[in-house]
Amino acid sequence: MNQSDAEKHYNKGVELQKDGRHDEAIEEYTKAIEIDPNDALAYYNRGIAYKKKGEHDLAIADFTNAIEIDPNDALAYYNRGIAYRKKGEHDLAIADFTKAIEIDPNYALAYNNRGIAYKKKGEHD
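In the working numbering, the protein residues as written are 199 to 323.
Note that these hints are calculated values from the structure, not bench results.
The reader is advised that the hints may include incorrect statements.
[To be verified] Quick list of the computed label-pair ranges, beta carbon to beta carbon:
#, residue 1, residue 2, range
1, T296, K206, 28 to 38 Å
2, G252, D217, 12 to 22 Å
3, G286, T262, 13 to 23 Å
4, T262, D217, 22 to 32 Å
5, T228, E321, 35 to 45 Å
6, G313, K285, 15 to 25 Å
7, K251, E205, 16 to 26 Å
8, D255, K318, 31 to 41 Å
9, S202, D289, 34 to 44 Å
10, P303, E232, 30 to 40 Å
11, Y316, E205, 33 to 43 Å
12, S202, I314, 38 to 48 Å
13, N236, G320, 35 to 45 Å
14, I314, G252, 13 to 23 Å
[Claimed, not checked] Derived pair list, reagent style DSS-like, types lysine-lysine, alpha-carbon separation capped at 27 Å:
#, residue 1, residue 2
15, K285, K251
16, K318, K251
17, K210, K250
18, K318, K285
19, K317, K216
20, K319, K284
21, K229, K251
22, K216, K251
23, K285, K319
Note that the Cβ used here is the ideal one computed from N, Cα and C, for glycine as well.
Work out the full structure, taking the sequences as your base and the hints as a guide.
Below, the structure written as structure tokens:
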């Protein structure tokens, strides 16, 4: 069975991302999304690539799309929370870390980063 074109672009994006070639990975994920706009993983991974480049607004948009498609994706909430925290939007970060914890109560990194966000929020209030 042949992979769909969307899967081919997605898989190529994953390989490029593993090599740290984020711009090229973003192009491949974008092609996958154009073919299959309901591919939550393509949005998620493109969001990760944007996050690694420090493009937090674009990352947040992609994590939001992934969450809309798959509202039970704790990783998407967690990574959107990280992007919000990096932007100094601590309340939004705390909300996303809390949602990730609701989905996966054993998600230690979400607890840790929620604590960091609370601490940073306290420093700025």
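Each hint, compared with the structure:
1. Between T296 and K206 the beta carbons are some 37 Å apart, a value that agrees with the proposed interval 28 to 38 Å.
2. Distance hint check: the CB atoms of G252 and D217 are about 18 Å apart, consistent with the given range 12 to 22 Å.
3. In this structure the hint that G286 and T262 lie 13 to 23 Å apart at CB holds, the actual value being about 18 Å.
4. Distance hint for T262 and D217: a CB-CB separation of about 27 Å, consistent with the stated range 22 to 32 Å.
5. For the hinted restraint 35 to 45 Å between T228 and E321, the CB-CB distance of approximately 37 Å keeps it satisfied.
6. The supplied range of 15 to 25 Å is met by G313 and K285, whose beta-carbon atoms lie about 18 Å from each other.
7. Here the CB-CB span from K251 to E205 is close to 24 Å, well matched to the stated 16 to 26 Å.
8. A hinted range of 31 to 41 Å for the beta carbons of D255 and K318 is inconsistent with their spacing of about 19 Å.
9. Taken as a hint, the range 34 to 44 Å holds for the pair S202 and D289, whose Cβ atoms sit roughly 40 Å apart.
10. Distance hint check for P303 and E232: the Cβ-Cβ separation is about 36 Å, which falls inside the suggested range of 30 to 40 Å.
11. For the hinted restraint 33 to 43 Å between Y316 and E205, the CB-CB distance of approximately 40 Å keeps it satisfied.
12. Distance hint check: the CB atoms of S202 and I314 are about 40 Å apart, consistent with the given range 38 to 48 Å.
13. At about 40 Å, the CB distance of N236 to G320 agrees with the hint of 35 to 45 Å.
14. Roughly 18 Å separates the CB atoms of I314 and G252, a value that falls within the hinted 13 to 23 Å.
15. With a CA separation close to 14 Å, the supplied pair K285 and K251 stays within the 27 Å bound.
16. Proximity of K318 to K251 is assessed by CA-CA distance (about 23 Å); at most 27 Å being required, the pair is judged to hold.
17. This hinted pair checks out: K210 and K250 have alpha carbons roughly 18 Å apart, not beyond 27 Å.
18. With a C-alpha separation of about 12 Å, the suggested pairing of K318 with K285 holds against the 27 Å cut-off.
19. Only pairs whose Cα atoms come within 27 Å are accepted, and K317 paired with K216 is rejected, the gap being roughly 32 Å.
20. In summary, the hint linking K319 to K284 is supported, as the alpha carbons are separated by about 12 Å, within the 27 Å threshold.
21. For the suggested pair K229 and K251, the alpha carbons sit about 19 Å apart, so the restraint of at most 27 Å is met.
22. Taking the CA atoms of K216 and K251, the gap is about 14 Å. The hint holds against a cut of 27 Å.
23. Our distance criterion of 27 Å between C-alpha atoms is met by K285 and K319, whose separation comes to about 12 Å.
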